[in-house]
Amino acid sequence: MLWIVQPAGFQIDEKRVRRAGLDYWQYLRWAEVPNWETLKSRLPGKRFWYFSRFARQTIWDADFRAGDAIVFGSESDGLPRTIFDPQADDAVRLPTDPRVRSLNLSATAAVVLYEMLRRQTAGGRRDPAG
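Per numbering that gives the first Met the number 0, residue 0 is the first one in the sequence shown, and the count goes up by one each step.
None of these hints come from the bench; they were simulated from the model.
Do not take every clue at face value.
What the hints assert, rightly or not - What follows is a set of in silico ranges between Cβ atoms, one per label pair, in the way DEER data are often shown: (1) 32 to 97: 31 to 37 Å; (2) 95 to 26: 28 to 34 Å; (3) 120 to 47: 20 to 26 Å; (4) 120 to 6: 34 to 40 Å; (5) 71 to 16: 14 to 20 Å; (6) 113 to 34: 26 to 32 Å; (7) 26 to 79: 28 to 34 Å; (8) 110 to 0: 18 to 24 Å; (9) 97 to 27: 31 to 37 Å; (10) 76 to 26: 27 to 33 Å.
Ideal Cβ positions, reconstructed from N, Cα and C, are used throughout, including at glycine.
Start from the sequences and build out the full structure, keeping to the hints where you can.
Spelled out as structure tokens, the structure:
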């Protein structure tokens, strides 16, 4: 499930989804919420992972489990420090070359999602897509 916390820095409508080439959009379960507190109240008991280039822990060290929630900020500003601590155990970064400020949000989300999926399907488990 994709949750979009407002205010988002983009609009979601049929024209923009089509233009972005999101041919999977019709299969995606998603919802918008007005703020962070609303999202947290809708996901009680979930473990959250906060992605930030300032986090000390890398994606390779994180103990991801099925059902965990991953949280990304905007490409320009990242996550607000009011919702996470970059030094905490639930803050994670995707390692990059030190000369690179950050990765594109969609690329980062794809790497993280596929790493989580890889871990869930490791050990001979069935491919969830087929």
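Tested hints:
no. : hint                  : verdict
1   : 32 to 97: 31 to 37 Å  : holds, 35 Å
2   : 95 to 26: 28 to 34 Å  : holds, 30 Å
3   : 120 to 47: 20 to 26 Å : holds, 22 Å
4   : 120 to 6: 34 to 40 Å  : holds, 35 Å
5   : 71 to 16: 14 to 20 Å  : holds, 19 Å
6   : 113 to 34: 26 to 32 Å : holds, 29 Å
7   : 26 to 79: 28 to 34 Å  : holds, 30 Å
8   : 110 to 0: 18 to 24 Å  : holds, 19 Å
9   : 97 to 27: 31 to 37 Å  : holds, 34 Å
10  : 76 to 26: 27 to 33 Å  : holds, 30 Å
Going through the hint list in order, the structure satisfies each hint without exception.
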